[in-house]
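Q: One-letter residues, chain by chain:
Number of protein chains: 2
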Amino acid sequence: MHEHARIAAFFAPLSAGEAGAFHLKDDAAALTPPTGQQIVLTTDSVIEDVHLPVGATAAQFAHKLIRRNLSDLAAMGATPWRYLLNIHLPKRIDDDWLKEFSATLAQLQQHFGMVLVGGDSTGNDRIHLTATLIGLVKIPLTRAGAKAGDGIYVTGRIGDAAMALKNLKGAAPEVLARYYQPEPRIAVGQKLHGVATAAIDISDGLVQDLGQLCAASGVGAVIDVATIPFSPDGDIKTMLTGGDDYELLFTAASEPKGFDVTITRIGSIEAGSGVKVLGYDGPVEGYSH
Amino acid sequence: MHEHARIAAFFAPLSAGEAGAFHLKDDAAALTPPTGQQIVLTTDSVIEDVHLPVGATAAQFAHKLIRRNLSDLAAMGATPWRYLLNIHLPKRIDDDWLKEFSATLAQLQQHFGMVLVGGDSTGNDRIHLTATLIGLVKIPLTRAGAKAGDGIYVTGRIGDAAMALKNLKGAAPEVLARYYQPEPRIAVGQKLHGVATAAIDISDGLVQDLGQLCAASGVGAVIDVATIPFSPDGDIKTMLTGGDDYELLFTAASEPKGFDVTITRIGSIEAGSGVKVLGYDGPVEGYSH
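Protein chains in written order, with our numbering: chain F, 1 to 289; chain B, 1 to 289.
Treat the hints as calculated values from the structure; they're not laboratory data. A portion of the hints provided could be inaccurate.
When chains are identical, the list treats them as one kind, so a pair holds in a single copy or across two.
With a straight-line Cα cutoff of 25 Å, these simulated DSS-like cross-link-like pairs (lysine-lysine) come out [what the hints assert, rightly or not]:
hint: 1; residue 1: Lys191; residue 2: Lys276
hint: 2; residue 1: Lys138; residue 2: Lys91
hint: 3; residue 1: Lys91; residue 2: Lys166
hint: 4; residue 1: Lys25; residue 2: Lys169
hint: 5; residue 1: Lys237; residue 2: Lys166
hint: 6; residue 1: Lys138; residue 2: Lys191
hint: 7; residue 1: Lys191; residue 2: Lys25
hint: 8; residue 1: Lys166; residue 2: Lys257
hint: 9; residue 1: Lys99; residue 2: Lys191
hint: 10; residue 1: Lys25; residue 2: Lys138
hint: 11; residue 1: Lys237; residue 2: Lys191
hint: 12; residue 1: Lys169; residue 2: Lys257
hint: 13; residue 1: Lys276; residue 2: Lys25
hint: 14; residue 1: Lys147; residue 2: Lys25
hint: 15; residue 1: Lys257; residue 2: Lys91
hint: 16; residue 1: Lys166; residue 2: Lys147
hint: 17; residue 1: Lys276; residue 2: Lys147
hint: 18; residue 1: Lys166; residue 2: Lys191
hint: 19; residue 1: Lys25; residue 2: Lys91
hint: 20; residue 1: Lys99; residue 2: Lys237
Computed from a prediction, not measured in an experiment: that's the story for all the values here.
Please take these sequences and the hints and turn them into a complete structure.
A: Here it is, written out as structure tokens:
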């Protein structure tokens with residue numbers, strides 16, 4: 001199929017919920033955000049052989065692409081709203097691949113409440129996808145509000161994705177799913193307004209991302225390995241520094257309550273700078289793609 | 001330099017005009033568009049060896065990337081406002097390249113009134129850049145309003161970029177500049193509200209893009225080769241179908257007046273469908289990247 005025919009067949013139906021997407025047939029989208037809300041913008045890419053292994057399925061590409069971007073909206077406390085896609089594909093990609101990819105996007109749109117409003121497509125030597133998500137929020141959470149004495153909390157479990165990546169052929173299905181279909185903590189982020197003093201999603205590694213939050217807030221942190229909800233059977237260094245979990249890390253002055261997701265205190269904010277890790281002697285540095 | 005250091009050195013300064021960019025240090029940007037305006041979103045990529053030849057300079061990459069996106073805002077009648085960048089670069093790219101690239105972005109920002117608010121960066125096998133632009137408009141121009149009897153108009157000159165692409169080593173500097181630094185017709189687009197019935201930018205080729213406008217409007221078109229302001233010394237087929245000029249094509253019920261740019265009538269909208277080209281016998285089809 002020609003490019004225009006592919007857009008019409010596989011992607012234009014994903015824009016049905018937004019008249020300002022002009023059926024993906026115009027030069028740009030024109031949107032009217034709800035009054036009283038800020039728009040939150042984030043963009044991230046998924047490249048074959050960089051962020052996903054060669055041979056990953058169309059569904060796996062769609063999940064990883066959308067979910068890692070959603071995680072950034074979650075860290076701002078935002079609600080997903082609209083998105084754009086840049087789809088750059090090698091010639092070997094056929095219509096079956098696009099059918100699976102767009103069907104997965106349709107599921108993700110429905111589940112997270114988003115509508116496709118634009119993008120571009122072109123040829124490339126390997127699968128290279130970018131999504132730009134637009135969320136809505138009244139007052140955004142940021143990384144810059146942590147204060148000495150705050151507790152440091154994480155959602156879910158840390159290290160699954162990094163352990164999966166070390167053993168893509170042999171890891172348990174539950175651990176593999178955490179790598180291929182991370183769960184963006186949208187509902188948690190939305191409820192953190194008035195609770196968290198700062199928040200970040202763990203995409204580059206627990207220690208590195210906590211370090212970013214500390215730098216933005218002008219504080220230091222101490223975490224205790226014994227309290228971190230690690231992946232079973234993982235090695236500590238990989239789990240402290242491995243990326244791709246997309247759990248939320250946040251700071252709060254008092255114990256957060258009433259969340260549907262497991263939230264664990266792993267340490268405290270203190271005056272100063274940098275991240276101290278109790279119970280681990282080796283050097284720690286985050287993962288960078 | 002490490003990725004974070006590069007962002008801090010070369011890109012964070014470009015976000016100085018927007019507090020909601022959080023110095024490019026947070027998970028996402030949070031923006032408040034002016035009331036009474038719609039936000040216009042467009043995204044396009046520039047890939048080495050696809051959209052620009054291997055060996056193009058950092059400045060040429062910056063110009064092409066931003067200007068081709070600006071052209072889409074122009075076609076909607078929008079005013080540039082904010083943008084995001086996905087910067088995916090091979091290891092050979094050094095800090096000098098980034099310095100030239102970001103300095104060119106700074107010039108473009110100042111000239112067109114935009115501020116960088118976010119993005120991502122990662123490694124890739126070749127230079128692969130994406131920009132997502134956010135414009136503002138009260139009422140967008142679209143492709144879907146042309147009516148039988150309207151005149152068909154183009155800005156500037158058609159075919160320079162396609163002729164340059166055929167002869168990148170030997171074309172005249174003025175023609176080469178049109179390929180490397182196309183002029184987005186922002187000011188024209190802004191003045192077309194109430195004048196144009198439909199508009200599109202010529203990115204894929206005059207005949208193909210006019211065909212898109214006709215399809216969106218449910219009309220046909222006839223244009224006359226003798227009236228088209230072609231590049232000097234070009235061949236007609238290349239100029240009718242070559243892309244990358246980024247001139248505006250629009251339809252209007254009466255002669256548009258008072259523009260600073262040369263605007264030429266090249267034909268008429270009629271009932272029916274498809275594009276007829278008077279004065280040229282060969283087959284015509286647009287250029288697709």
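Q: For every hint, state whether the structure bears it out.
A: Hint check:
Taking the shortest Cα distances, Lys191 and Lys276 never come within 25 Å of each other, neither inside one copy (28 Å) nor across copies (59 Å). Taking the shortest alpha-carbon separations for Lys138 and Lys91, neither the intra-copy value of 43 Å nor the inter-copy value of 40 Å comes in at or below 25 Å. Taking the shortest Cα distances, Lys91 and Lys166 sit within 25 Å of each other only across copies (24 Å), while inside one copy they are farther apart (30 Å). With identical chains, the CA atoms of Lys25 and Lys169 are never at most 25 Å apart, being 42 Å at best within one copy and 35 Å at best between copies.
For a Cα distance limit of 25 Å, the shortest separation of Lys237 from Lys166 inside one copy, 13 Å, qualifies, whereas the shortest one across copies, 54 Å, does not. In this homomeric assembly, Lys138 and Lys191 come within 25 Å of each other (Cα to Cα) only inside a single copy, at 12 Å, whereas the closest approach across copies is 34 Å. In the homo-oligomer, the alpha carbons of Lys191 and Lys25 lie at most 25 Å apart only across protomers (22 Å), although the nearest pairing inside one protomer, at 37 Å, exceeds that limit. Taking the shortest alpha-carbon separations for Lys166 and Lys257, neither the intra-copy value of 34 Å nor the inter-copy value of 65 Å comes in at or below 25 Å.
In the homo-oligomer, the alpha carbons of Lys99 and Lys191 never lie at most 25 Å apart, since the shortest distance is 35 Å inside one protomer and 41 Å across protomers. With identical chains, the CA atoms of Lys25 and Lys138 are at most 25 Å apart between copies only, with a shortest distance of 20 Å across copies and 31 Å within one. For a Cα distance limit of 25 Å, the shortest separation of Lys237 from Lys191 qualifies neither inside one copy, at 31 Å, nor across copies, at 60 Å. Proximity of Lys169 to Lys257 under the C-alpha cut-off of 25 Å is found in neither arrangement, the shortest distances being 38 Å within a copy and 67 Å between copies.
For the homomeric pair Lys276 and Lys25, the shortest alpha-carbon distance between copies (21 Å) is at most 25 Å, but the shortest distance inside one copy (53 Å) is not. In this assembly of identical chains, Lys147 and Lys25 lie within 25 Å of each other by CA distance solely across copies; the values are 18 Å between and 49 Å within a copy. Taking CA atoms no more than 25 Å apart as the test, Lys257 paired with Lys91 passes in neither setting, with 51 Å inside one copy and 46 Å between copies. Taking the shortest alpha-carbon separations for Lys166 and Lys147, neither the intra-copy value of 36 Å nor the inter-copy value of 61 Å comes in at or below 25 Å.
Taking the shortest Cα distances, Lys276 and Lys147 sit within 25 Å of each other inside one copy (16 Å), while across copies they are farther apart (69 Å). In this homomeric assembly, Lys166 and Lys191 never come within 25 Å of each other (Cα to Cα): the closest approach is 34 Å inside a single copy and 57 Å across copies. Within a single copy, Lys25 and Lys91 get their C-alpha atoms as close as 23 Å, which meets the 25 Å cut-off; across copies the closest is 37 Å, which misses it. Taking identical chains as interchangeable, the C-alpha atoms of Lys99 and Lys237 are never at most 25 Å apart, the minima being 40 Å within one chain and 35 Å between chains.
When each numbered hint is compared with the structure, violations occur for hints 1, 2, 4, 8, 9, 11, 12, 15, 16, 18, 20.
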